[in-house]
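Asker: Below are the chains, spelled out letter by letter.
Number of protein chains: 2
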Amino acid sequence: MNRNAEVLCVGTELLLGQILNTNAQYLANELARLGIPHYFQTVVGDNKTRLHQALRVAEDRAGVLVLTGGLGPTPDDLTHESLASYFGVPLVEPPGLWADLQAKFQSRGRVATVIQRKQCQLPRGARVLPNSWGTAVGVCWEAKPGLHILTFPGVPQEMTRMWQATAVPYLQNLGWGQQVITSRLLRFWGVGEATLAQRVQHLLGGENPTVAPYAQGGEVQLRVTACAANEAAAHVLMAPVISELKTLAGLDYFGMGEETLPGAVGALLTQHGQTVAVAESCTGGLVGQLLSGVVGSSHYFQGGVIAYADKVKTDLLGVDAQLITQVGAVSPGVAQQMALGVQQLLGSDWGLGLTGISGPGGGTASKPVGLVYLALVQGSSLSQREYRFGSNQSRDFIRRLSAYSALDVLRREIYAKFTSRDDP
Amino acid sequence: MNRNAEVLCVGTELLLGQILNTNAQYLANELARLGIPHYFQTVVGDNKTRLHQALRVAEDRAGVLVLTGGLGPTPDDLTHESLASYFGVPLVEPPGLWADLQAKFQSRGRVATVIQRKQCQLPRGARVLPNSWGTAVGVCWEAKPGLHILTFPGVPQEMTRMWQATAVPYLQNLGWGQQVITSRLLRFWGVGEATLAQRVQHLLGGENPTVAPYAQGGEVQLRVTACAANEAAAHVLMAPVISELKTLAGLDYFGMGEETLPGAVGALLTQHGQTVAVAESCTGGLVGQLLSGVVGSSHYFQGGVIAYADKVKTDLLGVDAQLITQVGAVSPGVAQQMALGVQQLLGSDWGLGLTGISGPGGGTASKPVGLVYLALVQGSSLSQREYRFGSNQSRDFIRRLSAYSALDVLRREIYAKFTSRDDP
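These protein sequences, in sequence, are chains A and B.
In the numbering used here, each number is its position in the first sequence, counted from 1, plus 35.
In the numbering used here, each number is its position in the second sequence, counted from 1, plus 35.
Hints were generated in silico from the structure; no laboratory data involved.
It does not matter which identical chain is meant; a pair holds if it fits inside one copy or across any two.
Straight line, CA to CA, 30 Å or less: simulated DSSO-like cross-link-like pairs of lysine-lysine:
| hint | residue 1 | residue 2 |
| --- | --- | --- |
| 1 | LYS139 | LYS402 |
| 2 | LYS153 | LYS179 |
| 3 | LYS139 | LYS153 |
| 4 | LYS83 | LYS139 |
| 5 | LYS281 | LYS153 |
| 6 | LYS346 | LYS452 |
Just so we're clear, the structure is a prediction, and the values are computed from it rather than from any experiment.
Chain A with its partners taken away, still in its complex shape:
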């Protein structure tokens, strides 16, 4: 007997790209949480023939088939009708269901029209999955021996609540979900995916836990996933692997799960009682926005100057106008004077200066789009970086990578400064 689940989402609006399929992600997450293996998801339109085709493919692969969508009152809502005809049973109206539906409407000061009654027609043998949040009910149904079918409306707020209230206990009663699959996401910045994968290569082949690498927009992630009888046992399996991954990654690791790079910077600043101010040109306020997005950031983030125009760089931050004329606003020296200027102006421990060409215009052969200079000062010590994010990259991408890279350097510098002092 198949001990795995499949998800079948029904709706032409999904195939036209009019809505994002958040239901599929929710159900995937839930099945993982319950430890129910889940190998395929299918999306099909509101069409009986194609629904039958999808059922034919899925019925031999899965022990539980979860359907969403197509339960409403309009003619294109065909899910229950298609299930009934596929498995060769008639549609019947369970006693009391129409009265329930009429009462629902009445409680909202409305009257159920006859078209609504269609929602009471369910495959014979199916049990009602009640819907307290909307008008369309679902079913749970052993359509053939070893194949359990669960149906839900497509509206996410109704689907998710019905899932929790009815499907989870139903599955657990069947003896499913005895195991849990749990995962932890480890997050890295300042290292490439392939480099990190190579460094932890011997851990990538494991079976329980598994370790899988991902990369997106400059960040690299490793997801550690374990399967066990319960959460605690899964954590016991994961803990030594996570610990080894962190050790191997060193400072390239910045946080786990929902922990963000600005959050990691904030934690370090708080820990060491330090403050920071920013002087931003190409990022136009993004670094400030990221820092101030962290709850409690008023303890360490003082603010900054958005020095978009050169006049602001010279007048407010004291950048040498002659230097701008001689070497241009996008130069290491200007970044340095911006960092020093904002540190002095706001009286912060750390000053961060960023200047670059985020494009799409303004690039030259010697200073292409994507060239960004970062300067970071603390007391009288200074560190600088030059980045080349690629002249074919988008403005958003370059600005985002500039801001996160700056935060990453800040993180490493704070760490280096206070660790070398604490551990002689």
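Could you slot chain B onto chain A? The hints should help.
Answerer: Chain B alone, transformed into the frame defined by chain A:
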């Protein structure tokens, strides 16, 4: 021959619910736009056996099979390998591809490791779909007569650009896309969905074009969709409806499609030769980031002060310290002095000041989380707003709504100022 497309998304992270399948929606939208029928979407994990199963189901249903994901350098990236073995051809390395990949790394000041070379191994007979935005290339391949296979990396920014640059012309060359479904998105700010829907009610029942309302995070949208033999004919159907919708919405309408609120503000500032500077407390740089995100913004956006700490408000912007003591930093008077201060400091035409409580802490009965004051000055004229975005809303939501609402007021004020002058 099958004249329809199928989408097959590859990635265990999708089946674990770790990421939302935005690629499927994007491709669905694109296929609809090109008028290519699309009846099934499948999601499968990084597993060769199950990828083969999915290919077996799809190969007889579709004429074009679009795959995303599983093209990276790590051992669990199996898409090209699985395609090759399924269709019984070896993997080969097209001449020059490894040199290209090495050059890509070199241009970013990095060195390609040997593990990266895996990404150059493609099914024999497949043509390269170049990827100018990342390291993993895709393929276009007539795997068997009448079955075209297109592969893309799972990273959305890369996938969508490769799709536009390579797949769309490839499909059109094949003579696909005979009818088009085209839509235009009209965007509104400062009006509720229900209010707008009521105002345009007589247009919501149309069949071709259809008009559908959406709302998300403060913005309201109307999507106008038409089906016709070609883009031009679809536009003829849509034009009068769009024109009437704009007229009915008045200033609540700010742009179409990819046009953004910061872009609309920028266009007005440019048109009237005006400059703006911002003083931000609760938004911490977000308004600056939004303004400077627009290409060409250096012509009108001078910069600003991120006055997160009160000391920055008083020292840099000249806000009266006594006023802060008496009425608090979140007050109409402080917003006003921030706007005036930054206008003066940077010498801009417009000065914008924002101060508020973005939470989760810091709220009181009289000044709850979500309370935000905006001041906008131009010359000696001043306009102010008080917002209450709700104390149960998230920090991100409050900051985002504060910034966009401020930009919307700026847009309306510029419009009002220059329209009343131009049209007496």
